[in-house]
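2 protein chains.
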Amino acid sequence: MAPAVPAAGPAARVGFIGLGVMGRSMALNLLRAGYAVTVHSRTMAKAGDVLAAGAAAAGSVAAAARSADVVVTIVGFPADVRDVLLGPDGVVAHARPGSLIIDMTTSEPALAVEIAEAARVRGIDALDAPVSGGDVGARNGTLSIMVGGAPEAFARARPLLAALGTTIVHQGPPGSGQHTKLCNQIVIASTMIGVMEGLLYARRAGLDPDAVLASIGAGAAGSWTLSNLYPRAVHGDDAPGFYVRHFLKDIRIALAEAERMGLRLPGLALAERLYQDLVDQGGALLGTQALHRVLEAASPPANPR
Amino acid sequence: MAPAVPAAGPAARVGFIGLGVMGRSMALNLLRAGYAVTVHSRTMAKAGDVLAAGAAAAGSVAAAARSADVVVTIVGFPADVRDVLLGPDGVVAHARPGSLIIDMTTSEPALAVEIAEAARVRGIDALDAPVSGGDVGARNGTLSIMVGGAPEAFARARPLLAALGTTIVHQGPPGSGQHTKLCNQIVIASTMIGVMEGLLYARRAGLDPDAVLASIGAGAAGSWTLSNLYPRAVHGDDAPGFYVRHFLKDIRIALAEAERMGLRLPGLALAERLYQDLVDQGGALLGTQALHRVLEAASPPANPR
Numbered sequence: 003m004a005p006a007v008p009a010a011g012p013a014a015r016v017g018f019i020g021l022g023v024m025g026r027s028m029a030l031n032l033l034r035a036g037y038a039v040t041v042h043s044r045t046m047a048k049a050g051d052v053l054a055a056g057a058a059a060a061g062s063v064a065a066a067a068r069s070a071d072v073v074v075t076i077v078g079f080p081a082d083v084r085d086v087l088l089g090p091d092g093v094v095a096h097a098r099p100g101s102l103i104i105d106m107t108t109s110e111p112a113l114a115v116e117i118a119e120a121a122r123v124r125g126i127d128a129l130d131a132p133v134s135g136g137d138v139g140a141r142n143g144t145l146s147i148m149v150g151g152a153p154e155a156f157a158r159a160r161p162l163l164a165a166l167g168t169t170i171v172h173q174g175p176p177g178s179g180q181h182t183k184l185c186n187q188i189v190i191a192s193t194m195i196g197v198m199e200g201l202l203y204a205r206r207a208g209l210d211p212d213a214v215l216a217s218i219g220a221g222a223a224g225s226w227t228l229s230n231l232y233p234r235a236v237h238g239d240d241a242p243g244f245y246v247r248h249f250l251k252d253i254r255i256a257l258a259e260a261e262r263m264g265l266r267l268p269g270l271a272l273a274e275r276l277y278q279d280l281v282d283q284g285g286a287l288l289g290t291q292a293l294h295r296v297l298e299a300a301s302p303p304a305n306p307r
Numbered sequence: 003m004a005p006a007v008p009a010a011g012p013a014a015r016v017g018f019i020g021l022g023v024m025g026r027s028m029a030l031n032l033l034r035a036g037y038a039v040t041v042h043s044r045t046m047a048k049a050g051d052v053l054a055a056g057a058a059a060a061g062s063v064a065a066a067a068r069s070a071d072v073v074v075t076i077v078g079f080p081a082d083v084r085d086v087l088l089g090p091d092g093v094v095a096h097a098r099p100g101s102l103i104i105d106m107t108t109s110e111p112a113l114a115v116e117i118a119e120a121a122r123v124r125g126i127d128a129l130d131a132p133v134s135g136g137d138v139g140a141r142n143g144t145l146s147i148m149v150g151g152a153p154e155a156f157a158r159a160r161p162l163l164a165a166l167g168t169t170i171v172h173q174g175p176p177g178s179g180q181h182t183k184l185c186n187q188i189v190i191a192s193t194m195i196g197v198m199e200g201l202l203y204a205r206r207a208g209l210d211p212d213a214v215l216a217s218i219g220a221g222a223a224g225s226w227t228l229s230n231l232y233p234r235a236v237h238g239d240d241a242p243g244f245y246v247r248h249f250l251k252d253i254r255i256a257l258a259e260a261e262r263m264g265l266r267l268p269g270l271a272l273a274e275r276l277y278q279d280l281v282d283q284g285g286a287l288l289g290t291q292a293l294h295r296v297l298e299a300a301s302p303p304a305n306p307r
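Protein chains in written order, with our numbering: chain S, 3 to 307; chain C, 3 to 307.
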């Protein structure tokens with residue numbers, strides 16, 4: 003059974019919208035894989051290295067979408083996704099029938115369903131395909147890509163996604179990619195609480211936090227967060243690998259979805275309160291590991307020295 | 003500087019008290035390493051394979067302690083530790099001056115300090131050396147051993163501990179081993195909440211939990227708990243690797259220590275409430291992954307099918 007529409011191999015022309023930290027690295031990987039890439043970003047100043055690597059520039063979202071076989075979007079918040087994908091000047095309105103849209107933003111499952119439906123009406127395939135793996139994963143092409151949408155659309159997208167990530171799993175119908183990414187964030191949220199509470203306890207008990215990591219890092223307490231973010235917190239490095247304000251956005255999307263499904267997630271609700279406190283204390287642009295600050299602030303040492 | 007007392011090499015006679023799941027495997031590993039081991043347990047019925055492997059049996063704690071160069075204890079709750087170590091018929095009262103006591107139970111830091119002090123008065127070295135790594139780590143001799151006590155005592159114990167574990171870290175003065183183990187449990191507690199909330203969300207969103215694990219297991223959400231206990235929960239296996247009632251004991255010791263230090267640990271406090279709910283629902287003898295049950299019970303499906 004030959005696919006009605008060609009798979010998104012390197013012959014495909016790619017429209018790429020969103021050149022944040024993640025988007026830039028991903029566009030570069032598509033260029034390296036041989037794709038003809040036309041980029042657009044709200045702030046085209048960010049496009050420098052991508053243009054230098056051979057991308058064409060488009061003056062608008064519509065222009066980037068119009069000539070593309072595949073349109074990849076990775077923007078900021080759900081409101082941006084709605085604007086860029088569903089707005090009158092957006093991707094769905096201007097992409098060619100028969101083309102394929104892949105939204106890689108972490109966003110709302112219901113919005114992904116809405117996009118897939120609007121695209122279908124115009125004869126366009128659409129996938130939600132958020133990623134994890136951070137700036138390093140985007141740079142090295144080792145992202146985990148969680149895909150929701152029709153199986154045929156997933157099959158079309160697969161060659162292109164393989165230029166961006168190493169773990170590429172079709173999770174189900176539209177919205178399933180977003181749901182899976184929310185699972186990822188739900189797991190991380192409480193893991194972070196545990197790791198940073200462990201750090202706070204270690205310090206207050208007079209232990210050497212590095213020695214504690216040597217004892218507990220490789221066992222049942224072990225996690226990516228413990229191995230990677232605990233050491234940064236120990237050594238006062240709260241620089242962003244992932245921004246607090248983006249994580250808080252994801253946590254809130256997950257809480258809203260959970261509420262819609264009648265689901266109580268007390269750990270996630272606690273994370274929401276703690277990260278809101280961190281934002282209130284001026285931490286929106288810190289890395290997520292800065293959670294240790296609000297825990298410490300809530301428990302000032304009894305005898306400060 | 004030659005040590006005043008010989009190191010605990012295979013020439014040492016070991017008194018071993020406590021033959022639970024962990025203790026039995028550890029005693030066997032000491033026998034394999036060439037130690038002469040005399041065992042005592044509250045229920046000597048558990049001693050079968052250890053006696054078959056060459057251990058001698060002692061009829062009482064005092065008898066096991068009296069003839070030993072090193073006394074190893076691994077019992078259940080802090081009350082047991084107090085009784086076995088500090089009671090009138092206990093180890094400290096009956097061990098030889100110059101001997102070495104190693105309590106490997108997960109217990110209270112303050113109690114470890116008390117034991118070390120009582121031992122010191124009698125000319126005995128004492129270490130707190132709780133472990134992590136579970137039944138498998140005990141069996142394979144790959145435990146992580148977290149040690150509190152005097153450096154000289156740690157140096158004496160090291161050869162013997164090397165027969166039991168592969169990660170052996172001196173964490174500081176008496177009580178530091180216990181504090182480190184509590185850090186381990188604090189980290190695990192909230193990690194477990196995150197993992198099981200992720201599972202609950204995945205199920206309720208209609209995802210395939212195994213596919214979700216394939217997407218999130220190797221990235222920033224990754225943890226020992228996610229790789230090892232999430233699959234058991236997915237497939238309905240709530241059998242104990244580690245008992246709920248023992249974990250709840252550890253959580254409560256950590257919360258009490260935290261309170262003493264003026265420390266608020268909201269994630270750990272949440273874990274305490276959830277695990278108490280699990281015990282109230284009859285789950286005391288399940289494995290810790292059974293936490294998913296209380297989360298599910300708190301959020302019954304809106305439209306049960």
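These are calculated hints, taken from the structure and not from any lab test. Glycine included, C-beta positions come from ideal geometry on N, C-alpha and C. There may be inaccurate statements among the hints.
As the list claims (entries may be wrong) - Derived, one-sided and incomplete: chain S residues facing chain C with beta-carbon distance under 7 Å:
1. Asn31
2. Ser62
3. Val197
Claimed, not checked - Residues of chain C clear of chain S, computed beta-carbon distances all greater than 12 Å:
4. Ala65
5. Arg68
6. Ala191
7. Asp239
Tested hints:
1. Asn31: 17 Å, violated
2. Ser62: 33 Å, violated
3. Val197: 6 Å, holds
4. Ala65: 33 Å, holds
5. Arg68: The claim holds: Arg68(C) sits with its nearest Cβ about 32 Å from chain S, beyond 12 Å.
6. Ala191: 6 Å, violated
7. Asp239: 17 Å, holds
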